[in-house]
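Under full-length UniProt numbering, think of the first position of the sequence shown as 1, with each following residue one higher.
Please keep in mind that the hints were generated in silico from the structure rather than gathered at the bench. Honestly, I wouldn't trust all of these hints.
Computed spacing ranges between beta-carbons, pair by pair [what the hints assert, rightly or not]:
id	residue 1	residue 2	range
1	D124	D99	17 to 25 Å
2	F120	A230	21 to 29 Å
3	R132	E369	28 to 36 Å
4	T85	T206	29 to 37 Å
5	E352	D229	57 to 65 Å
6	V97	A232	30 to 38 Å
7	P31	G381	27 to 35 Å
8	A232	G357	55 to 63 Å
The C-beta atom is built at its ideal place from N, Cα and C for all residues, glycine as well.
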Amino acid sequence: MTSVRVRGIYATALTRAFREAGFDVVAASPPIRERFDAAFDAAEPDADVWMTDDRQGVGVAGPDDHVDELRGVLADLGRDAFVWTDPVPRGAVFDGVVDRTVGGGAILDLGDDREAYLPFGNTDEHVDDGDRLRVGIREPAAPWSDDRAVAAADVSVSGALASLDRGVDALVSGAAADREQLARTAELLDPDVPENWGVYWNYDATDADMDALGDTLDALADRAQAVEDALADADDDSEPGLVAAPESTLWAWFGRESRSALDDQRRAVTDTMPGHHRVKAGSEAASGAVDFAESLGVDLDDLPFGVVTDQFGPTEGDSVALHHGKPDGSMFSLGRGEVTDRDVETGRVTVERQMSGGGTYDALGVDREAGDTATTRFTEGNWWYPTVYRGEDGERKGTYLNVCTPVEVFPDTVRYVDLHVDVVKHADGTVEVVDEAELQDCVDDGLVSDALAEQALSVARRVKSAVEN
């Protein structure tokens, strides 16, 4: 049975989902132990699950076979749940070349269009353009984020209770509360740790018994030995590329429908208001407000869109970023716009952007000129949204109706994943569905499920019919 540790705002829901799917949840936090009224072993998990910094999803790391077993649970949460394998996983070792230096670090070319960021503080060597380095990946980066994976000039294998670091004295202390006792414990256990690798104990190790600590060191030692063997076989003068990958990393992005499914999982365990995860994903302040409301036993029938936006935004006059996700995991910003109207009854906000000149508007076939405006109406939970483009003189250039996963209007950002197929209405009134082939390509590549593609095409047909009539 694969064991898993879960942290973050999705912990309760995912703990239940994993347990229902037959997985063993370990190293649970005190709130999780209280909510489930169950015993959770303080043991090293086979896979680690954590919330992403932007609260939009989770990362998963661990040996390949265990991580792959969790993929299905995450992907099946809803039609708008996406799961991707990270080509630069946690703990991987790469041979890289410094592409350029920026600010406090260097951008490394890892080969095959992969990059990482090496802070100057993560190496003892002077780093300059063109230098060849062997690095370990300390912090992987979600594909939809603007960040790169963070590398270091040393190598380690990470676990929940401990990690092993290459090139340090054996049996190092660490963050755990009783470091000296754990150091003595490691000596008693006499783990078969490769030479020149040291133990670093994490906080969770304090609650573990001797058997769990021994199993932890055995598992990490096996992964460290695999890395050591790969390093011994590697060519020091090789081109940029992967040297060793003791574990793999997955990223799961949750859309609005998936967050609702997570609400249902959590509601089976404890009181959970409608839109619990949707609101918590917006900001830390909103997350705290949800906890407070639930502690008071507030009874709601639906997501209180008006109350949430009144308290946390966006309201009229606010600026919001438009984050346009893609099925391959990438995300780019359409820029920022001003909220010019908000309808709390329908959950709709109108955002206006000033456009720069150059190029044409996709599928409309008209020039984009300085002075143009784009007026977009986003409705919380809709599978599409319209954008009207007008020239500086106010004349309509066309309307683009984008089909996407259900829109989420967060305090500072509007988020969704674009599903490629769209509807356009030209200035002469002609209406057409475009980019169906691009959607099918995503299905063929395994990026979009058949169910999600069917929904996208259905939405496109309904929108086309409504616009024509």
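Now for the hints, and whether the structure bears them out:
1. Distance hint check: the CB atoms of D124 and D99 are about 21 Å apart, consistent with the given range 17 to 25 Å.
2. Checked against the hint of 21 to 29 Å, the pair F120 and A230 passes, with Cβ atoms roughly 26 Å apart.
3. In this structure the hint that R132 and E369 lie 28 to 36 Å apart at CB is violated, the actual value being about 47 Å.
4. In this structure, T85 and T206 meet the distance hint of 29 to 37 Å, their C-beta atoms being roughly 33 Å apart.
5. Between E352 and D229 the Cβ separation comes to about 59 Å, which falls inside the hinted range of 57 to 65 Å.
6. A hinted range of 30 to 38 Å for the beta carbons of V97 and A232 is inconsistent with their spacing of about 22 Å.
7. Between P31 and G381 the CB atoms are about 29 Å apart, so this pair conforms to the stated range of 27 to 35 Å.
8. Between A232 and G357, the C-beta spacing of about 57 Å keeps the proposed range 55 to 63 Å intact.
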